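Construct the complete structure from the given sequences, taking the supplied hints into account.
There are 4 protein chains.
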Amino acid sequence: MKFRTTKLTLLLSLVIFFIFSISICFAQINTRSEINIPDIPGYLTLKCDLHTHTVFSDGAVWPTVRVEEAWQEGLDAISITDHIEYLPHKEDVKPNHNRPYEIAKPRADELGIILIKGTEITRGMPPGHFNAIFLQDVDPLDTKEWRDAIKAANDQGAFVFWNHPGWRQPDEIPIWYDEHSELLQQGYFQGIEIVNQDSYYPKAFQWALDKKLAILGNSDVHSPIHNTFDLPNGKHRPITLVFAKQKSEPAIKEALLARRTAVYHNDLLMGEEQFLNPVFEQAIRILNPRVSIKGTSRATIQIHNESDLMIELTSAKTFDEISVPETITLYPGKTIAFQLNGKETTMSGTKQFALPFIAKNFLIAPDKGLSINLNIEVNFTQ
Amino acid sequence: MKFRTTKLTLLLSLVIFFIFSISICFAQINTRSEINIPDIPGYLTLKCDLHTHTVFSDGAVWPTVRVEEAWQEGLDAISITDHIEYLPHKEDVKPNHNRPYEIAKPRADELGIILIKGTEITRGMPPGHFNAIFLQDVDPLDTKEWRDAIKAANDQGAFVFWNHPGWRQPDEIPIWYDEHSELLQQGYFQGIEIVNQDSYYPKAFQWALDKKLAILGNSDVHSPIHNTFDLPNGKHRPITLVFAKQKSEPAIKEALLARRTAVYHNDLLMGEEQFLNPVFEQAIRILNPRVSIKGTSRATIQIHNESDLMIELTSAKTFDEISVPETITLYPGKTIAFQLNGKETTMSGTKQFALPFIAKNFLIAPDKGLSINLNIEVNFTQ
Amino acid sequence: MKFRTTKLTLLLSLVIFFIFSISICFAQINTRSEINIPDIPGYLTLKCDLHTHTVFSDGAVWPTVRVEEAWQEGLDAISITDHIEYLPHKEDVKPNHNRPYEIAKPRADELGIILIKGTEITRGMPPGHFNAIFLQDVDPLDTKEWRDAIKAANDQGAFVFWNHPGWRQPDEIPIWYDEHSELLQQGYFQGIEIVNQDSYYPKAFQWALDKKLAILGNSDVHSPIHNTFDLPNGKHRPITLVFAKQKSEPAIKEALLARRTAVYHNDLLMGEEQFLNPVFEQAIRILNPRVSIKGTSRATIQIHNESDLMIELTSAKTFDEISVPETITLYPGKTIAFQLNGKETTMSGTKQFALPFIAKNFLIAPDKGLSINLNIEVNFTQ
Amino acid sequence: MKFRTTKLTLLLSLVIFFIFSISICFAQINTRSEINIPDIPGYLTLKCDLHTHTVFSDGAVWPTVRVEEAWQEGLDAISITDHIEYLPHKEDVKPNHNRPYEIAKPRADELGIILIKGTEITRGMPPGHFNAIFLQDVDPLDTKEWRDAIKAANDQGAFVFWNHPGWRQPDEIPIWYDEHSELLQQGYFQGIEIVNQDSYYPKAFQWALDKKLAILGNSDVHSPIHNTFDLPNGKHRPITLVFAKQKSEPAIKEALLARRTAVYHNDLLMGEEQFLNPVFEQAIRILNPRVSIKGTSRATIQIHNESDLMIELTSAKTFDEISVPETITLYPGKTIAFQLNGKETTMSGTKQFALPFIAKNFLIAPDKGLSINLNIEVNFTQ
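Chains as they are written, first to last, in the working numbering: chain A, 540 to 921; chain B, 540 to 921; chain C, 540 to 921; chain D, 540 to 921.
Because the hints were derived from the structure by calculation, they are not lab data.
Note that this is a predicted model, so its numbers are computed, not measured.
Hints are supplied without guarantee of correctness; some may be wrong.
No copy labels: a pair is met if it fits in one copy or bridges any two.
Said to hold, decoys possible - Within a straight-line C-alpha distance of at most 20 Å, the following computed EDC-like cross-link-like pairs (lysine to aspartate or glutamate) qualify:
{"hint": "1", "residue 1": "873", "residue 2": "649"}
{"hint": "2", "residue 1": "633", "residue 2": "721"}
{"hint": "3", "residue 1": "633", "residue 2": "717"}
{"hint": "4", "residue 1": "629", "residue 2": "641"}
{"hint": "5", "residue 1": "882", "residue 2": "649"}
{"hint": "6", "residue 1": "774", "residue 2": "649"}
{"hint": "7", "residue 1": "690", "residue 2": "806"}
{"hint": "8", "residue 1": "751", "residue 2": "812"}
{"hint": "9", "residue 1": "644", "residue 2": "630"}
This is the structure:
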């Protein structure tokens, strides 16, 4: 409608191009996107990736890259877990199991990333691959027998977990071998990946619940992170959420041993109800929990989702007085509106409703969504 | 690295297509993106657009569309201000100055949008166009003489402001006519648009400061909002920030009359220091205000910007002990890192710094950025 | 690595903000995104939406908005088809069935959009809603009996089609009533919507194939288009592809009567094999159809998809000599790479392969994907 | 308007999550975005980056990453040019100047990327850093004296160019030293970077024009490419466009020696008019070059820009008969519309116009945009 004549010299225009190139580059390198998953009562919700690789085994990046990626993506802690036994770059990169940590540690300290020394014990199935983290020295784990390696890790007080249990199994379904029972009885592993990169193993999730293992979900990233996960389109690497008493390496270890973890994979959040329920409660807020409905007209409820978590709700019950949507999607960071409709023209007075829904992408077991209630009050008029 | 064989029937795939189309449509219509500009001590920061049009004058949308757009974009209040004198659709749309409000009000109530009854008095320059809002009845403003119209508005206790003062003036530079002095002396207008759609009038900003007028920035939108502003690419309509004691129509009026406003236009925030300073203070947080520097090495400071505001800082002072970046861009919703470098190898002990910067896109006058300090403490070691 | 000191005055920075706001606004309003769906031998592939609404019935936009939206989204032709019988705005907008066309036509001519005069005959089921397009005058269709309205449309030589046949039916599954048989026998309707807004009716698709009706997919848009379809995230309104001898209104009518149409809905393309096959052939190109494989090593094939169509291929056959991917996704506008692996170490010589795939989102019947071949030549060495 | 009830089991929903994660990952890794910059008569327009680093000097990625990034971003050719003299990883990565090429070559062959063996001779200023490409063996360039290194490169028939000439100079303005004159007289370097990463050196551009050096623009990328350039937001690394007789390594070398290059940096295209003019001509198409104007009414011209190049036009002349926009922005891949307005009511008859514009971001010299004409025909009526 209105127009402003703008007379710019060529020179000025070029200045603009420069400014833009500067700020964009800066944005890329020096910008961190926090992951908004709320803390829960009593615990900080730390975002961790405890399985990554570098050029020191079969990865494609220098160790500092893993720290910088983690900082940019909003992680609190990572572990570089290069293979002990598989060193395809050894002609060019001098084998040294402790070097990735040494190289990356100063950058981690500078950026405030908790870097946990770790490694991947890489053997055929059974028992398959195991990560050992919180190590002092990786070298003692470089043994001929896998039992010796896992024992050496435990001797250092490591937290040991079974990696991608379904990898290379038929249909990616994990198999529990006698060797795993043996290790479990010895207390030699304390966790299991139920998600690795783009694979989710429901069977491993159930094992973890039954056998009291901590659940983990990690990236197992080898390439630059952007080559593996479509970050600009809102995707993220799998993340192990650790509910820790403080933001420190010892607190992460304590929480892992106490099995206070959840796994965030694509739009799925997986973990025990005792953790997922408070995450949900902290994430959402009903903006207008009290509404009026006249006869069979409608009322609009607005819910704000403070978190980065997509939450898909499915109604678990119908009511005589009001109709409730079958599904509600609470988009991350957004406020959404949905309608309640009166069913009868004769209702009057105020009534409390605990509308029960299943958060179907908050899994408290492989096939079980978290049950939640939306508490509202309706004032019926005629 | 790992692969999962997925055998899907055609049917299943189709189901997926459907699901996606549902959720996306839902997202569009029923989703609100809140605008994160913090409240300031003592006041809520309400986001308002007090100048919009519909098919009832020369706009292209039904009045309810203005309410729905406002809700989706995170606004708290709008006014539909159709022209009194310019009714190009009158052959098809029955002229009725009060109808846009009447039609839109139920939808506004349902969605919790504060809808303020208004109109645009649309005369040649001088005095040009004026909006009158908080009206009870628009009809008395439909007069032959413009002085009568503006008087009629004031008689209803309206808040009256001069629209797009530079429109159709040479180089879009506003001109202050005798008629404006006359109106000002009578107390017949209380505000002025310093931004209208994509035009910013620095001269009007200075007038407002000098003559004690409230500043406003409004969209003057005629088309569907997406046709005028590139919302999906992070652009937004101009917004009048109103610092109100509560979220209500009377509170907005009280704040406007008290000149407690600011204007948010593209990446510019404009207003008096008393408002912009607390907005800045509430928006940012230094995550690690205490750092150590050894000799001439570097320390990294991280700042989180909680708001949706891009903030461009320029250093206002150099220091003998440390070098500070010339510019820092605090991206909306992000954490950014910047380096301090020690300048001498002989420093030791702890020192407090109030690093002075100009927030160059927070304008407290047409050519003056807001001065702020970043308070940090450096522990120097050797 | 390298750094350039940039000293900018505040003024200069502000200039930059302005420039950006200008160019973005311009981009929105005056920019058209062409839809890249290739022409096929003998015909132009015209993109049409033959079902839209305005404030003249129950829509929310002025008629010119429909033309501008169509131009921006890359359409060639639209019809505004306001309801005859349902006029909820009649208190404010003077009923006139021919006005939407009259108002929108000059804008359509200016922008090169083919605007087809139409209307929606809006009756209860049976027979439900029917669009009549290519009308000279809508008024004669405003009759008491629906049979008279449909006859009046046919008397004007209109193309008549059944809208959203599953709407408000149980589970949205369409029901064929005697009245539809009656109309079909009279030759009184020639097409059927198999897609309307976000609903796809497989049963209607099968009816169209069996009963020789043209298939259509239309938006039925009432709100501003951005409120209904998430265009910035790559979504699009349903489109009726018309394979026409030229870009003109008569050519579109001829093609519709000859049933040369397809429907483009989300990522689905639906139509007869005679149309979908040449679309596929024109859309993709194998960049390196001749490769060498040594023993059991791999070769990489690259395919470029020139079109805006996502194409999902599923392998339809296994081979003794080479392993072929189970699925290949040809992303719109991209080149993708996939691997062929040799299965035997003893192969030698050159062999032609017609690798059969099903394009599972190119539907030639409700449950049948298009069969295509990727023709390559492998030179086996040892 | 219409609604479909969708009853999905939890299981089905989970399947959907999986499918999406698969396809996205596939997209990232196996998808190439072609760069649409048209070929020009007689030559292919090859997209090259002739300056990149890996872990073998001070880079942060394995050599194969450089090839994969290049393929994904639509490049035709790259050179890995690790420093000879600066090897900060030498404790961990065994120094070997030829290894990056050897490691990356098989992946380049598989993906069809032309990999050119190169290196960076890295000395203090003067003469600064020089890249030597098309080498057979890098080792002979590892000499004590820089003159010997550059001579050794030339002895192998290398193409040698001066890198980032303004780097670490005051205000990043390059300085021409006697040593550069010496090298130039000997014919020992044949090109110069006018763009390196985010720095553009106008002075180097002018030198190249005056002294008959080939111009180059390269990324000098050290980190993963996504850490340096904001690719998802439409940014790109600097690219040396090589106008080659065919797509082959020898053809690239021939073109470089013949100075048939241009530089594509942010939205700038820089090069001689003989190359930029045909690029422009091939990139754009006036869709309706013949229009009618009645009196002082308007006509709309539509121009399609087939390329990925943003093109900013500024009007270079006014006309008595028609008013022409001061600026036109031809967005990449879009059709844009602009208006011509008649200036007089008395014009009649048909007239040809060659509307002169400056493409201000197509630089044929540091301060000179390309002159182009838009040829149209106006039929004036009254």
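Structure-based check of each hint:
no. : hint        : result
1   : 873 <-> 649 : between (33 Å within a copy, 18 Å between copies)
2   : 633 <-> 721 : neither (35 Å within a copy, 42 Å between copies)
3   : 633 <-> 717 : neither (36 Å within a copy, 43 Å between copies)
4   : 629 <-> 641 : both (18 Å within a copy, 15 Å between copies)
5   : 882 <-> 649 : between (61 Å within a copy, 18 Å between copies)
6   : 774 <-> 649 : neither (27 Å within a copy, 29 Å between copies)
7   : 690 <-> 806 : neither (36 Å within a copy, 53 Å between copies)
8   : 751 <-> 812 : within (14 Å within a copy, 56 Å between copies)
9   : 644 <-> 630 : between (25 Å within a copy, 17 Å between copies)
The structure fails hints 2, 3, 6 and 7 (numbered hints given earlier, in ascending order).
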